[in-house]
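Peer 1: Using the sequences plus the hints, can you model the full thing?
Read top to bottom, the protein sequences are chains A and S. Quick note on full-length UniProt numbering: the first sequence kicks off at 1 and runs consecutively. Quick note on full-length UniProt numbering: the second sequence kicks off at 1 and runs consecutively.
These are calculated hints, taken from the structure and not from any lab test. One should not assume that every hint holds.
[To be verified] Which bits of chain A does chain S cover? Going by a derived footprint, with three or more residues having C-beta under 8 Å, they are:
{"no.": "1", "segment": "65-73"}
{"no.": "2", "segment": "319-331"}
[Stated by the list, open to error] Short, incomplete list of chain S residues facing chain A, as computed with Cβ under 8 Å:
{"no.": "3", "residue": "Leu5"}
{"no.": "4", "residue": "Ile9"}
{"no.": "5", "residue": "Gly45"}
{"no.": "6", "residue": "Lys47"}
{"no.": "7", "residue": "Glu54"}
{"no.": "8", "residue": "Pro92"}
[Claimed, not checked] So the derived label-pair ranges between C-beta atoms look like this:
{"no.": "9", "chain 1": "A", "residue 1": "Pro10", "chain 2": "S", "residue 2": "Gly118", "range": "45 to 55 Å"}
{"no.": "10", "chain 1": "A", "residue 1": "Arg93", "chain 2": "S", "residue 2": "Ser98", "range": "46 to 56 Å"}
{"no.": "11", "chain 1": "A", "residue 1": "Pro10", "chain 2": "S", "residue 2": "Lys13", "range": "26 to 36 Å"}
{"no.": "12", "chain 1": "S", "residue 1": "Ser98", "chain 2": "A", "residue 2": "Leu249", "range": "52 to 62 Å"}
{"no.": "13", "chain 1": "A", "residue 1": "Ser112", "chain 2": "S", "residue 2": "Asp29", "range": "57 to 67 Å"}
Even for Gly, the Cβ is constructed at its ideal location relative to N, Cα and C.
Letter by letter, the chains look like this.
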Amino acid sequence: MESGNGYEEPVDLRALDYVSSYDDHLMCPICRCPFIRPVRLQCDHVFCQKCLNTAMTTGLEVFTCPTCRAPPQDVFQNVPRILTNMCDEIRVRCPFVSEGCQEIVPRGHVQSHVDKYCGYKPIECPSPLCNKKIRRKDLPSDDRCLHELHVCSLCEAEITEQDYDEHVNELCPYLKMTCPDCLATMFRNALKEHIDVCPEAIHPCAASKYGCPVKIKRAALITHEKQCPLLMMSPYFEAQNSRLESLELKISHLQQRNEIFEEGLAKLQSTLMESPQTNNSSSDASDNQQPRDDRFSYQSNANTYLLSLHESLREEVARMSQAITDLDARASMTIMNECLRIKEDMAHTNAAVGSVRMQVQWLMNPRLHHGQRVASVRASGTGSSEQGSSNAVAPSPGLPSSGTVRARRLSDSGREGTKL
Amino acid sequence: MKEHLPPGIAIAKSENLEEWQMDIQVLDDNPLYRGQTYRLKFTFGSKYPIEPPEVQFIQSAAPDPRPIPIHPHIYSNGIICLDLLSSAGWSPVQTVESVCMSIQSMLTANSRDERPPGDADFVSYNRRRPRDINFFYDDDNV
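Peer 2: Shown next as structure tokens:
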């Protein structure tokens, strides 16, 4: 890139710390960095020049577009300028952030920043004998080597010349320093502890927050604090403060509750305004605001109670009537069922009675015959009284065979008749 | 490198730039892979992404079981036969994410419950690294 000064090497843009976020489309699909010197293939896919070259040389003999595998084609340098501009606009950290440079510059300017302006860039020590590096801002005007070791006269540490001044003036722990209050001189590392206890340092009284105006030296402060009336009161103040805080908290809670109540009241009032009954009461109590409100709420309470009572009663009535209809339906159903059953039973009984009558008739028939026969036998002669007695018994096994059949048929037909 | 991974893909290990491990799941209801998580090992060479990384399945036991998925192009030692991962099929625009998605879809599309032909022989004799094996991409159905 820019190599005018001989020892300036190009910044590796891929290794930079990209601070601002950038669109994924500005990212080379190969190295996943914002495009660096982008080139374009005929298929309109864009890559960094370096990435595409590596992919081309290391790939197969037939190079296809890495994204769409389109066949070999020309490479164009002319990507839209907006693309390069957007990539160069992305902000990056100076690569010498580890040396202390806090600069954040657009990527397009990082090269010139490093080459010309960054004071933290390590450059070769001007002395030919020394191979160390030195930050550009520390470079002496006379090209001396600043890496020679000097021994600090106070702490005996070995310090390079470039850091020596800073060490001697500020950092050496054995540097003599004066306390700004008591003017005592002491080592730098002891000063910090001294400042906390220095008797000459001027401090405000511990009760300053309660209004004590005293500001005196620490040594005198102890005696003052023993008699300071405000300091003596301080436990009381503390307690009062905490009480006040808790009270404030409570008040804010109460305020919140109050707001909620007021909201509810407003709602109730608006509902009351809508109902026609309250119109009367509002005209009654229009002369006095306070009782009106009370009455409003009372009446609205009574109203709602009555309304709800009414509502529940209505519901109960509805339930009752439904139950009655239910019962009615059930009762008529059972009655109908019973009737049917009874009718059937009666039909059966009728049939049974019919068949019984048939049988009786049939039973009566032989007796009538018998009576006729006896009469005829008696008429013919009385020789066979035994036969007669046997006959009286005999018909039962003898005749039934034909008689039952007849009887059944009769009864069957009788049954059928009743059924039909 | 990536913050928003597609569903079913998660980074399991990415401490250095030489080896990454990814967990992948097959998201549809393919009975061969349902409810399983598989671990892929990516080994990046110095020329990545110009040259393909080495990708294979690795196995681990309970409590975090990671089996080798059954697939006609995945050998039972975890080596995957996928042209995308060969130097011929590789493209430098591929990423870990895109490779994971390709393998995910390769599993999703499979319905055959079998290993590649000659799996036992390959597994017992192969000592080569996956990139040195010359696969024949004889099956374009997957």
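Peer 1: Does each hint fit the structure? Answer for all of them.
Peer 2: Taking the hints in turn, this is what the structure says about them:
For a cut-off of 8 Å, the count of residues in the segment 65-73 of chain A with a CB near a CB of chain S stands at 3, and the three-residue condition holds. Figure legend: the segment 319-331 of chain A, annotated as covered by chain S; annotation inconsistent (0 residues with Cβ-Cβ distances under 8 Å, at least 3 required). With its C-beta approaching chain A no nearer than about 14 Å, S/Leu5 sits outside the 8 Å limit, and its interface hint is violated. For S/Ile9, the interface hint is violated, since its Cβ never comes within 8 Å of a Cβ in chain A; the closest pair sits about 17 Å apart.
Because the beta carbon of S/Gly45 sits about 11 Å from the nearest beta carbon in chain A, more than 8 Å, this interface hint is broken. Because the smallest distance between the Cβ of S/Lys47 and any Cβ of chain A comes to about 7 Å, under 8 Å, the interface hint for this residue holds. Interface restraint check: S/Glu54 against chain A, minimum CB-CB distance 16 Å, threshold 8 Å, status violated. Residue-level restraint check for S/Pro92 holds (minimum Cβ-Cβ distance to chain A is 4 Å; threshold 8 Å).
The hint said 45 to 55 Å for the Cβ distance between A/Pro10 and S/Gly118, and at roughly 53 Å that hint holds. A/Arg93 and S/Ser98 have their C-beta atoms about 30 Å apart, which leaves the hinted 46 to 56 Å range violated. Our hint of 26 to 36 Å for A/Pro10 and S/Lys13 holds, since their Cβ atoms are close to 35 Å apart. At roughly 58 Å, the beta carbons of S/Ser98 and A/Leu249 sit within the given window of 52 to 62 Å.
Taking the beta carbon of each, A/Ser112 and S/Asp29 are about 59 Å apart, inside 57 to 67 Å as hinted.
Violation of the numbered hints given earlier is confined to hints 2, 3, 4, 5, 7 and 10; the remaining hints are satisfied by the structure.
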